[in-house]
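Taken in sequence, the protein lines are chains A, B and C.
Using the numbering used here, the first residue of the first sequence is number 348, and each one after it goes up by one.
Using the numbering used here, the first residue of the second sequence is number 1277, and each one after it goes up by one.
Using the numbering used here, the first residue of the third sequence is number 33, and each one after it goes up by one.
These are calculated hints, taken from the structure and not from any lab test.
Misleading hints may appear alongside valid ones.
Stated by the list, open to error - Label-pair restraints from in silico Cβ distances:
# : chain 1 : residue 1 : chain 2 : residue 2 : range
1 : C       : 40        : B       : 1351      : 47 to 57 Å
2 : C       : 108       : B       : 1461      : 44 to 54 Å
3 : A       : 358       : B       : 1574      : 19 to 29 Å
4 : B       : 1633      : C       : 129       : 37 to 47 Å
5 : C       : 40        : B       : 1316      : 38 to 48 Å
6 : A       : 362       : B       : 1285      : 22 to 32 Å
7 : C       : 127       : B       : 1571      : 35 to 45 Å
8 : B       : 1351      : A       : 400       : 26 to 36 Å
Said to hold, decoys possible - Taking lysine-lysine pairs in the DSSO-like style, the calculated list, with each CA pair at most 30 Å apart, reads:
#  : chain 1 : residue 1 : chain 2 : residue 2
9  : B       : 1432      : B       : 1386
10 : B       : 1689      : B       : 1642
11 : C       : 92        : B       : 1689
12 : B       : 1348      : B       : 1321
13 : B       : 1642      : B       : 1724
14 : A       : 391       : B       : 1327
15 : B       : 1523      : A       : 435
16 : A       : 391       : B       : 1341
17 : B       : 1523      : A       : 391
18 : B       : 1724      : B       : 1749
19 : B       : 1523      : B       : 1386
20 : B       : 1432      : B       : 1564
21 : A       : 435       : B       : 1327
22 : A       : 435       : B       : 1321
23 : B       : 1386      : B       : 1341
24 : B       : 1349      : B       : 1564
25 : B       : 1523      : B       : 1724
26 : B       : 1749      : C       : 86
27 : B       : 1386      : B       : 1724
C-beta: ideal position from N, C-alpha, C; glycine also.
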Amino acid sequence: MSNVFIAFQANEESRPVVDAIVADNPEAQVVYSPGLVKIDAPGKLVIRRETIEEQTGRPYDLQQLQINLVTLSGNLDEDDDTFTLSWKH
Amino acid sequence: MDKRVERKSHSLGERYAAMTHDLQWETTYQSMDRVFPFDRYEGIKVRDWSKWEDPFRLTTDAYWKFQGEKEKKLYAVIEAFAQNSCQFGVSDARYVNAIKLILQAIAPIKYSLHRSLAHTGRHLRGDALRVAVQMQASDNLRHFQNETHAASVFNKYFNGLHSAPALFDAAWYLAPFKSFADDVASAGPFERIVAISFSFESLLTDTLFVPYMSGAAHNGDLSIVAAGFSGQSDAARHKMLGIETVKFLLTQDPANLALVQRWIDKWFWRSFRLMPIVAMMQDYMLSKRMMSWKESWQRFVEAPVEALFAELAQFGLRLPTGWAQACDSKEHLSHQAWNVFYGYGDAIAVHTWIPETDELNWLDQKYPDSFDRWYRPRLAHYAQRQAQGHRFFNRSLPMQCQVCQQPMFFTEKGNPRLIAYRQTEHEGETFHFCSDHCDTIFSNEPAKYQQARLSSHTLLHATDGGAKADLLKASLAASHLSNGRDQGDFSGSEDDTNFSDWGGGQDMKEAQL
Amino acid sequence: MSVTATTNALLYVGWDEHMMFATPIVLPMSLDTRFEELIHTALPSLYGEHPDFKLIDWSKAQWFQGDRLFTPRMQATLAEQGFGHKAVLRFRTPGLEGLRGSCG
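Take these sequences, add in the hints, and give me the full structure.
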């Protein structure tokens, strides 16, 4: 199965997003390099607004994650509550 | 974000439809074909534009809000960098030569792409795609501006950064980039999306804007890095736009497959032929090293691209024809590119040098199958000559590929001993290429590429074939480049002596990072 | 472009396995030039600073017109031997393998 991935600038705004991804995607692997955090997962990765809000204690607009996004790989499906990367093959 | 986000009365999908599809109308004063005169001549068939949707579902209001946030953050970093004179905190003044290449080669492409995409964003009939492409056009202008602003700090202290626009039009070593930009500008709107959003951005730009930028952060340049990472967040949208468009075209009409595949083959290869500079920036210009070009190719190109094409196989697409050769070259590309740039060291507006012993050892460690066999011996010879006071400068005019306009330094797939030569006849003239793939590109569109102006030929016309030595170097004078300051070996350059005099690089040495 | 034998044509010259010269070289050359003159005048000026150059045994050199092996006639001109505008001339010097054997 191919990996999907998402990468963010490593900073305080992306930290709760990364934590939420790890909480919701048990097979996700996180790698840090200078300035950057990259998360790979086999086949599918889901980012949930609710989980991020649990991390921060504040409302979160999922589209905000674009501000610290660097790159991604996979088919994207986005609505107000989830941001999902996946492969069908 | 510090604004309270309200629960929205419409879903993301509904808001997106309201701001894209629902704003479309069929024109009545003029026919739709007159309003959109450019979207049929390429032969692409679209039946139902309503089926195209941006996966990010980004509406114009959200776009400006988020882009504004990105700029506020980025410019705070650029300003802090400047105010704290952080240009003296980079690991090594040699690193600044990578910034010169970004400003000379990459930033002008972004500028040209913004114009090509603005045209595309006007001339495609599909409303939702037009919105996304217009955002992409605006993003590319942003990237040009941000890269220029970030580099401008360095321009006050280092050479080679002052005339990038003039250099882009004239310099032989930037011809691959200029010809790429001009090729895009003269293509049709559908081809441009397959070329840029899909082939260039989805498949290849991560190599420059992700592992290279992380490496630059490791060398203390937070300013260019912030611009690079922030710019790549826009590229994430472009990638999705490109992938969505490719899938859309293939589901709209099976007759589109042959043309889309041909464009992917062409533009993967043309984009890959821009990579030599990126590869050598990664392997030779980052004093504090982390990831090699070979590793970044494996992680950011091979694996994701194979995954993407496994997904696209259901639509009838296959990997680009040049894929195997591109992957094969990962052992050699950076070293061969450095060999070109080092040799032509006084005919380029960046400095070059022989790597230090520990750097050579790192290269051997990262390239156990190729570096010591083919490339370390050459560098050792050049070092010996330099120590004897005869630093090698190649004074010959390089043969260039008619299509990609790179100097013909690429070796045969699987055989690094031999330079690859390909040729074809067209209308009584012989044309030469670096590879089968550039040869094929030519054969598909000979009228376009037979007109290409190759620097080496143009320079000979100008001098009536007279004194050939220093022709390349002299060609840079027209770009306001200052003899002996912007060119030549790094060792003993103004950049080198100034950086030492100013106490540069000390922070990183003291921190022993 | 029509090029007669008396005007300068472009010739591309490449010394196989000697990538100190990173690419084949663009050489404006009259097609009236005799092959012997090319070897003894043009090639030293292009390649002379390579340590292998003075070791070349020209009697053992292999010559290619494009990718076709051919045996040059030293007294014949380039035009007489089928070289036209934008032709490729390659040569290989068996036993000489570039800088420290690296094909450089």
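Going down the list of hints, with the structure as the test:
1. C/40 - B/1351: 47 to 57 Å: 54 Å Cβ-Cβ, so the 47 to 57 Å window holds.
2. C/108 - B/1461: 44 to 54 Å: holds (47 Å)
3. A/358 - B/1574: 19 to 29 Å: holds (27 Å)
4. B/1633 - C/129: 37 to 47 Å: violated (25 Å)
5. C/40 - B/1316: 38 to 48 Å: Cβ of residue 40 of chain C to Cβ of residue 1316 of chain B: about 46 Å, so the range 38 to 48 Å holds.
6. A/362 - B/1285: 22 to 32 Å: Holds: the Cβ-Cβ distance is about 31 Å, inside 22 to 32 Å.
7. C/127 - B/1571: 35 to 45 Å: For residue 127 of chain C and residue 1571 of chain B the Cβ distance comes to about 37 Å; the hint holds.
8. B/1351 - A/400: 26 to 36 Å: holds (29 Å)
9. B/1432 - B/1386: holds (23 Å)
10. B/1689 - B/1642: With Cα atoms ~20 Å apart, residue 1689 of chain B and residue 1642 of chain B stay inside 30 Å; holds.
11. C/92 - B/1689: holds (27 Å)
12. B/1348 - B/1321: violated (42 Å)
13. B/1642 - B/1724: violated (40 Å)
14. A/391 - B/1327: OK: residue 391 of chain A and residue 1327 of chain B at ~24 Å, within 30 Å.
15. B/1523 - A/435: The hint holds at about 13 Å.
16. A/391 - B/1341: Given that 30 Å is the threshold and the Cα spacing comes to 29 Å, the pair holds.
17. B/1523 - A/391: holds (19 Å)
18. B/1724 - B/1749: holds (29 Å)
19. B/1523 - B/1386: holds (25 Å)
20. B/1432 - B/1564: This hinted pair holds, its Cα atoms lying about 24 Å apart.
21. A/435 - B/1327: holds (19 Å)
22. A/435 - B/1321: holds (26 Å)
23. B/1386 - B/1341: Between residue 1386 of chain B and residue 1341 of chain B the Cα gap is close to 22 Å, so the pair holds against 30 Å.
24. B/1349 - B/1564: Judged against 30 Å, a Cα distance of about 26 Å means the pair holds.
25. B/1523 - B/1724: Measuring from Cα to Cα gives roughly 28 Å; hence the hint holds.
26. B/1749 - C/86: Satisfied, since the Cα-Cα distance of roughly 28 Å is no more than 30 Å.
27. B/1386 - B/1724: The given pair, whose Cα atoms are some 22 Å apart, holds under the 30 Å limit.
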